[in-house]
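Residues per chain are reported as follows:
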Amino acid sequence: MKLIIAIIQPYKLEEVKEELYKADVNLITVSEVLGHGRQKGVTEVYRGAKETGNLLRKIRLEIAVNDNFLEPTIKAIIKGAKTGDTGDGKIFVMDLKECIRIRTEERGSTAIG
Amino acid sequence: MINAGDTAFVLISAAMVMLMTPGLALFYGGMVRRKNILSVLMQCSVILCVLSVQWVLFGYSLCFAPSNGFFGSLHWIGLNGIGLGPYDGYAPTIPHQAFIIFQAMFAVITPALIIGAFAERIKFSAFLVFSILWATFVYAPVCHWVWGIGGWLRNYGVMDFAGGIVVHTTAGIAALVTTLMIGRRKNLEHNVPAPHNLPFVVLGTAMLWFGWFGFNAGSALAANGVAANAFMVTNTAAAAAGLVWALLEWVRNGKPTIFGTVTGAIAGLATVTPASGFVSPLSAIAIGILASICCFIGVSIIKPRFGYDDSLDAFGVHGIGGMLGTLLTGLFASKAFNPAGADGLFFGNPKQFFIQLYAVAVVALYTATVTFVIYKLVDVFMGMRVKEKDELIGLDLTQHRERAYTVIE
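Those sequence lines, one after another, are chains A and B. When the first sequence is numbered by our numbering, its final residue is 114 and no position is left out of the sequence of numbers. When the second sequence is numbered by our numbering, its final residue is 412 and no position is left out of the sequence of numbers.
Mixed in with the good hints, there may be bad ones.
[To be verified] When the alpha-carbon atoms are kept at most 20 Å apart in a straight line, the in silico DMTMM-like pairs for lysine to aspartate or glutamate are as follows:
| hint | chain 1 | residue 1 | chain 2 | residue 2 |
| --- | --- | --- | --- | --- |
| 1 | B | K392 | A | D68 |
| 2 | A | K83 | A | E16 |
| 3 | B | K390 | A | D68 |
| 4 | B | K390 | A | E15 |
| 5 | A | K83 | A | E106 |
Hints in this document: simulated from the structure, not taken from any laboratory.
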């Protein structure tokens, strides 16, 4: 099992969701976050808005998947979020030790989907 | 002969109508997604600025300067020669300028109503040009036809007390035409945009409801019985309509909503506008009920069926309400409530209903045609719609480089 955390441009959320549905990944958690990468907040996305040094608004996705869903999920996120410009974001993948569905108390890979 | 009471009343009414445009801004602004609220507030605010100036320069003259039946003359351009006295042709007991500033607020809010049709995807520069052209070539002539001295619909006998035709039919039809021409917003299928701030919608409604007393009662242009009756029927129709919309939702969807209730109230206000100086308080209840039923059908059944994206229901509420109200005026009008008016069909004068019907049809046709031409022109030269990426990022950032809300301080 893997936990994927992706940071993307806010306006790309709809497209990423769209691609994830197509890849049959339906369980995601979305939150609004602030941050900046190597450019320290200078970005072209906001049309030259004076954002220097400021934190930029991003969307953070958390998706827990079974191993066989890892690559399709990563591909879907890239397909939806990539523009080729700075600020497109990042995807982090980590091992997931356990997953428990509260309602049924199921554990492991059956609990994820 | 200037009357102090009338003058004070009309000036205060003008100030109340002014407040309706910021009220409309919040009413609409609360309905859009949070990335677009400033664009809506900006559009309403800039209309207040631009059309107030246009009004003094030539707008008022085109609307109200006596000439032929179709277009006002340029006699009062720049408010030339108006002075401090009254103008007997429109309102003999108040200064001419009181009438002018009162009417200015109507000219401001009318194009602002259309914003609901193309919200969240209009290019700001194109919107500005479109609005000025529309105010000049749609609002001004129709206003002259219905309210101007010598206006052909006025002479024909049409009754429009406070703007069911001049304001709501024109804005509503223009909303329908522009929403069809600009097309649907992106990504509607999977992500139906929910209003981002319903308390703003309620606040905006409160400001509109309050201002509407100036709009309708003030249209008596004197502090008299007709004004008091207009005030009464305005409140009554709004209340009845708000109540009925909530009940319709309760029955159809299982729960009454505040969004529906205030939408109903606005539908009632728009619908009673043309009738407000001519009908009884009891008729106002009937008008309010019919307003909500018809607008509810327009918004909840017709719009989804045909699939046009009238984002904030400018046509569904103001257009349908304004046209319906103009027709209902031809049914419910009674000389007992305004000796200067006429009786409607229910009071033995069926002819009035057909006069109203004819006027609405002609104005709707004219508005649709000229709005289409203006839209096409501006679209060819400037492009009316923003680029897809700008729409996704939101108009606040891409059109105004501002955002309304922060995440963390």
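If you draw a straight line from the CA of K83 (chain A) to the CA of E16 (chain A), is it 20 Å or shorter?
holds, 10 Å
K83 (chain A) and E106 (chain A) were given as a pair; does the straight-line alpha-carbon distance stay at or below 20 Å?
violated, 37 Å
Quick one, are K390 (chain B) and E15 (chain A) close enough, alpha carbons at most 20 Å?
Judged against 20 Å, a Cα distance of about 16 Å means the pair holds.
Taken at face value, is the distance from the CA of D68 (chain A) to the CA of K392 (chain B) at most 20 Å?
violated, 34 Å
Please verify whether K390 (chain B) and D68 (chain A) have alpha carbons no more than 20 Å apart.
Violated, because 39 Å separates the two Cα atoms, which is more than 20 Å.
Of the hints listed earlier, those the structure fails to meet are numbers 1, 3, 5, in rising order.
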